[in-house]
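K.L.:
Single-letter residue listing:
Protein chains: 2
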Amino acid sequence: MKINKSILIISFFSVLSLFSQKIKSPDKNTFLTFSLTEEGVPSYSVMYKNQEAIKFSKLGFELKNDNQNLMDGFSILNSVNTSFNETWNPVWGEESEIQNQYNELLVNLEQNESHRKMNIRFRVFNNAVGFRYEFPVQDNLGHFVIKDEKTQFAMTGDHTAFWIPGDYDTQEYDYIESRLSEIRGLMASSITDNLAQTSFSSTGVQTSLMLKTDNGLYINLHEAALIDYSVMHLNLDDKNMIFEAWLTPDAKGDRPYMITPANTPWRTIIVSDDARDVLASRITYNLNEPSNIEDTSWIKPVKYVGVWWEMIAGKSSWSYTDDFKAVKLGFTDYNNASPNGKHGATTEHVKEYVDFAAKHGFDAVLVEGWNVGWEDWFGHSKDYVFDFVTPYPDFNVEEVHNYAKSKGIKMIMHHETSGSVRNYERHIDKAYQFMKDNGYDAVKSGYVGNILPRGENHYSQWMVNHYQYALEKAADYQIMLNAHEAVRPTGIARTYPNLIGNESARGTEYQAFGGSNANHVTILPFTRLIGGPMDYTPGIFEMDLSKVNPQNNSHVNSTLANQLALYVTMYSPLQMAADLPENYNRFLDAFQFIKDVGIDWEKSIYLEAEPGSYITIARKEKGTNNWFVGNVNGKSNRNSKVSLDFLDKDKVYIATIYADAKNANYKTNPQAYIIKKYKVTNKSKLSQLSVKGGGYAISIIESNKREANKYSEL
Amino acid sequence: MKINKSILIISFFSVLSLFSQKIKSPDKNTFLTFSLTEEGVPSYSVMYKNQEAIKFSKLGFELKNDNQNLMDGFSILNSVNTSFNETWNPVWGEESEIQNQYNELLVNLEQNESHRKMNIRFRVFNNAVGFRYEFPVQDNLGHFVIKDEKTQFAMTGDHTAFWIPGDYDTQEYDYIESRLSEIRGLMASSITDNLAQTSFSSTGVQTSLMLKTDNGLYINLHEAALIDYSVMHLNLDDKNMIFEAWLTPDAKGDRPYMITPANTPWRTIIVSDDARDVLASRITYNLNEPSNIEDTSWIKPVKYVGVWWEMIAGKSSWSYTDDFKAVKLGFTDYNNASPNGKHGATTEHVKEYVDFAAKHGFDAVLVEGWNVGWEDWFGHSKDYVFDFVTPYPDFNVEEVHNYAKSKGIKMIMHHETSGSVRNYERHIDKAYQFMKDNGYDAVKSGYVGNILPRGENHYSQWMVNHYQYALEKAADYQIMLNAHEAVRPTGIARTYPNLIGNESARGTEYQAFGGSNANHVTILPFTRLIGGPMDYTPGIFEMDLSKVNPQNNSHVNSTLANQLALYVTMYSPLQMAADLPENYNRFLDAFQFIKDVGIDWEKSIYLEAEPGSYITIARKEKGTNNWFVGNVNGKSNRNSKVSLDFLDKDKVYIATIYADAKNANYKTNPQAYIIKKYKVTNKSKLSQLSVKGGGYAISIIESNKREANKYSEL
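Residue numbers (full-length UniProt numbering), protein chains in the order written: chain X, 1 to 714; chain S, 1 to 714.
The shape of chain X in the complex, shown without the other chains (with noise of 0.2 Å):
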């Protein structure tokens, strides 16, 4: 990993009178004002080109049980400013190489009455700032738990925002665009049904959170490094609209036990004109750690298959038999159970899929439903849920193992633990051993359902530490995670690149479940992708899903083209082709573009971007020459226009464009696609259609001349 480090310190110990300081980005574009009040109290601002991006914003705490809140009182001790500029490596990634520069800003900070330090850290990017309070050891803070987290975020005006509801257990929900003064009406309607959900205030929202302001500004709110915390909402204030961070309680209805030294998760604000440069924004890595894991060489992006849209349209079921009223794991007889006929996991069909991957160049396939306890694997608060090692009787881990390792593909393993987490944490190292034993070296995790231990939130610190250690333990394994209804990311995978995936946002699977919004996938690189890749299952070619499963009247809101294109516009280092084999088959030349497209980048071009409307993005494929656009589309048909000046000077190549056709139309004529070949160069350009919900994908291989001139240039 290749670093240029330059860090100028420039450290000044200040009397008590500094009240404050500015501190700007590397390009000065960003600039943000730290303050404290006569009354002490600590608090900053934010400015983009000279327009207020966050208004004056007080910082602090309210603790529990302690007479002396870390709100106000404070004195500064001495600030300290430093410069610094890296570039690092990441083992995936949209680019191959990541910058790391920003100027930075140590508040040291003590209270006059309690002689109690609390530092506050701002790092000021170009087009981002973070700032985390720490806790350095001393004589009067050791160990505390803080009641409330007032971080204010104060909005210049009624922006319009692109939400979801605050939610103590899930982020499933589609994105709502209002007003911020229209979050409070919305509210009600905009929480949907979920297997666990606990909301908390209707005016709470969840981060990452997109902004967008009258005079265009785009700000995006999110943390970074959530480590031993507990998630951070926003709930606002829709008088004078300042967010203020809304922490998930435990059990008890606390909110995080802090014990110096501590630091508390990087909050964090993206801000520019451009919203491209919301996406271009690697401000979430940036303030997380280096990686952790020495040897990075197990840690490989993945195409996969699997066993799973068929149980999620309800064609298969995750389950064996029909036979049991409840399960209980060591009592319950599978052996001499009657199967329900509908299990998705047999061997033979399993090797189904091993042949599919084998023959389209996946790298490897998903089982889930393999291992027992699915008869009664949800919605009992069932404590000992799953074993994680014991089949069912028609599967047999052996033989998929071998035969799939003839095939040279990896079988990924499912570890759904129903959110009893003393379950998982005790069966882990078995489990993960059981995975290596059998040449499993992936595996997706689950957390459906209400949290074990009983009280507990999908969001709060105890459940984060879960993740955590669960990270850190299938690091020791050497095996990659990809965690589903877990915290939502915050760029822990620069730190632990063995967190290839997370779900923590509705992905495709709700398209089996009545729909999501036909421009989603506009908005979720503006939001959830902010903090790390997406597990979004893309693919899906069959829009109907009672061609599936006749009692599924659902409908994928989406065409066929669309679908493409978010293997480019939704990156992830994993990506599933989630359709069934047979919807494949009936359209190879679309599919062809999924079994080209690249999982690892070398740069990643964001040519077009508006939340809600449109993303367009290029990207050039690692070790290769290859580039793939991807497009999609939000509210109404659209042309997207883009230059293709990206691509190498002296070079040719053969464009091929997967795109709506023109009567397309994600709910009438979804799979009404074409596909157009091209010569292109560095000098070429595309306006193309997207319809609404639709869009383009087109992948771009070096030719040579005499190949290339078999096409019409673009």
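FYI, nobody ran anything at the bench for these hints, they're computed from the structure.
Just so you know, these numbers come straight off a predicted model, no measurement behind them.
Just so you know, nobody snuck in bad clues.
It does not matter which identical chain is meant; a pair holds if it fits inside one copy or across any two.
With a straight-line cut-off of 27 Å between C-alpha atoms, the simulated DSS-like cross-links for lysine-lysine are:
| id | residue 1 | residue 2 |
| --- | --- | --- |
| 1 | Lys328 | Lys252 |
| 2 | Lys662 | Lys547 |
| 3 | Lys147 | Lys328 |
| 4 | Lys252 | Lys325 |
| 5 | Lys430 | Lys473 |
| 6 | Lys436 | Lys473 |
| 7 | Lys64 | Lys252 |
| 8 | Lys150 | Lys328 |
| 9 | Lys147 | Lys325 |
| 10 | Lys147 | Lys252 |
| 11 | Lys651 | Lys603 |
| 12 | Lys651 | Lys705 |
| 13 | Lys64 | Lys325 |
| 14 | Lys359 | Lys407 |
| 15 | Lys150 | Lys325 |
| 16 | Lys64 | Lys328 |
| 17 | Lys595 | Lys315 |
| 18 | Lys22 | Lys58 |
Following the hints, complete the assembly by docking chain S onto the known chain X.
P.N.:
Coordinates of chain S only, in the frame set by chain X:
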């Protein structure tokens, strides 16, 4: 293990009109009547020698989120009568053979509308009754949550009770002797401070509960085989003198989560007109399953000393340093910390204990405070509080191990969890493996303070499952377990005989925290010990704690002779000589009894017993012809009169009597003891004074006439 089984099945399929059935004990003295009321409410009553012991008492459950409670509307499907008689051999115990003989009635019930099945299994032993609920696999009951167990124990009058306040977190209370009608008025004052405590009702008391009727009936209420359920307390309706089960709730207020097939623990009633029968009853073990451990050769009774009392008394400390306001394991640098000069568990000091143990024939040395983390171990709801493998800089695990091994002494590990059980479970494999690697085969675990996961209590189903998990894990590693502050035992040591001890009551430590009632030890065998042995840690010779630590004004409310007697009266396969070596060195003649006394028994004879007043027990050591007698005396000076007719007919013995001197006084003159030697035979009779809070101990060693004739006859 020798088992004589004789099972006689008398099964009759009854019509729905069966409303009442009687079942008698093998000796016909005890009988239980089961009946179904007209409303279909199951109920029972118990008679003993034509006296009513338990009046008409209802049975059933209120369920959570379920329209159909399991309380009424039942019909009898059928009932099955069986008889059972076996003799089994415990790995350790008060005798080498235990008879398990009972008549059983299994009533199979079905609820009329819901068609739910609930069976009740009654077992009637001589002097005891046990029953439990059983929920078979069925179509209409799979998962269910108990809101309240409605099991009643209806008293026949305003009995005298020996009770401690109902509490979800502790049993460390002094017993109150009062009428049932007085409980409410005495509750507030009986709830003395504890580091974790949660009382729930002004008439709630704990089991095992000892009662005495005005007619001289002794009744004991407890439970057996508490597995995957929460602890039963008893709540008194003090108008009608009816106790009802009160289960410990979980963090959300729910009672046990059940999955069919499921059994509740057994509810037990011991009844007799002779208090000695209560002590002799083995119903608790008999209602547990036989050993799950096949090879029990590694489970051995242990007599031990330890680095413990000096910390309890405040003379030395568990912690190594006073430098830290808070400890963060992995961050905190102990190597550069300044020692506080009071740390008990130093290599050198432990070696002194090893020397003392070796010199006086002990088996083992316990060391507390050996591992990092004690500086802030309590009161902070700290998650990662200990790692159980990292010693303090001044404690060399390997050096101590080698030294102890060279002297033939085993080391006893100490694992304080601080109630942070997720942390303990995460480390338990490594911790147990660390023990085995370093030659430890027994562990004392502790659960001081409030439980993590927060909101759970010591006695909830969640925690009961944790203790069981730790016990079974210990068995996997061939480790003997002695859990403090854990759930009180319910005979599970039959199934897992590596559970060689528990605290779960007010132990000797309270004598250094202000003192316990002088008659405390005359009650514990009737209450706490009904479920299994207690690591009471007797043997305190210096009653004035200020002589150990000038800052400690506590007084041990006991005579020295009483302390010796405890090694006989407080049965345990794990016996500590808890005082400091220097205190034993001052009274080596009395200490001789502790050195001599057996810790595993061929048989036990209960010579005298009255709860709260006195207990006198004779026990024959396993593998020798030695007998040991102990008497503890509670309320006032008393002459104990016992016959030694339990001795072998044709043998002569030398009895060494360690007794209170006439002027002994547990408050003012506790160290006044006399030691006398006599020749004794099975014709000998003893009349021996014990003062209040006093007692006597006798070793009776087989001799020959020549040797015995040196002493006068008793």
